[in-house]
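Asker: For the protein sequence lines, the chains are D and E, in the order given. By our numbering, the letter at position 20 of the first sequence is numbered 16, and the numbering carries on one by one without gaps. By our numbering, the letter at position 98 of the second sequence is numbered 104, and the numbering carries on one by one without gaps.
Source of the hints: derived by calculation from the structure; they are not laboratory data. For every residue, glycine included, the Cβ atom is placed at its ideal position computed from N, Cα and C. Among these hints, one or two may not hold up.
Said to hold, decoys possible - Going by beta-carbon spacing under 8 angstroms, a handful of chain D positions derived as facing chain E:
(1) Ser(-2)
(2) Tyr1
(3) Arg7
(4) Thr8
(5) Glu24
(6) Ile25
(7) Ile38
(8) Tyr51
(9) Ala106
(10) Trp108
(11) Val114
(12) Ser115
(13) Leu118
(14) Leu120
(15) Met122
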Amino acid sequence: MSRPYIRPVSRTGWWLAQPRYVRYMLREISSLFIGGYMLIMITGLYRLSQGPQEYAAFLTALLGPAGVAYALVTLVFAAYHTYTWFIVTPKAMPLVIAGKRVPGPLIVAAHWLGFAVVSVALWLLMTAGGA
Amino acid sequence: MGRSHKPIVWGLFAAGGTVAAFVLPMLILITGTGVGLGLVPESTLQYDNLRALLTHSLTRLVVFGVLFLMLWHAAHRLRITAHDLGVRADTLVATVVYAAAGLGSLLLALALIAI
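Chain E with its partners taken away, still in its complex shape:
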């Protein structure tokens, strides 16, 4: 009998869900809505500021971990949601969402290495 992949996927889901619960609202407030609503200094999202933040490899490692986990959390929950909405082609759904998360992770790693 083959081993189940469930523990890995569920572990990523739980870890990513926890990270998202603590980090995501403020992260969106700063990166997505804050500048437009005048709550966040405009310079925050400027090139130089972000490059300065990401010069330390520790910051880059943390950014990778945080975004990676949230991405896989979303992928797994999206798979379950598709099932809940009546889509029964689970293998296809799983392939699509995990492939998207895998590609996203790869792109994220490449971007952070290049910065």
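Pulled out of the complex, with its shape left as it was, chain D reads as follows:
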């Protein structure tokens, strides 16, 4: 008997084969930037706890060209994470009310509404003190 044919697949570059694999990988790679941004925020809070001068030095770096560029890239990845997370939610957690399954698009829309509320609340909370 002949051995079954096994299609050769690259272990590192398989995701380049199809656009939806690329989209999957972009979603997964978001974790690298989000994780990095968390470390930046934790560093900032740590500097904040040390005192005004230490924090001022951190803030200068954060608002410098490299800091803003990194934040911009992370913002795009974070927005893509939100988009993909909301799309998956009705599939991961189907919602049944009164014996009827709630349509997926309705669940996704509700999440975007929640996103808008949270975003506005966060904006008001963080910018109010400085106004």
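Position chain E relative to chain D; hints supplied.
Answerer: What follows is chain E alone, placed relative to chain D:
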């Protein structure tokens, strides 16, 4: 047979992913890009404003929870991503990413306690 740690890790991943989906874009807009692009008042990120925001212990608790969950979400997904990119040394990868998340969590807690 030993119990699996998967439910804990996956629970943190799911919770952190949900928090990130709702909170992170605006959080980055305010803390990272907004001031530079002139969309956010410059005073927002100043020392006094942030210290005032973080005086309440409830705020500090929420900040801890939010950043902690997003950190562990990223750590877990990074582990999976390494596997997807052909890195098969999963134990090593898991140790590195979870240790980084653990250290980050500790530093975060210490910073918030000291503020």
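Asker: Honestly, which of those hints from before does the structure not fit?
Answerer: 1, 2, 9, 10, 14
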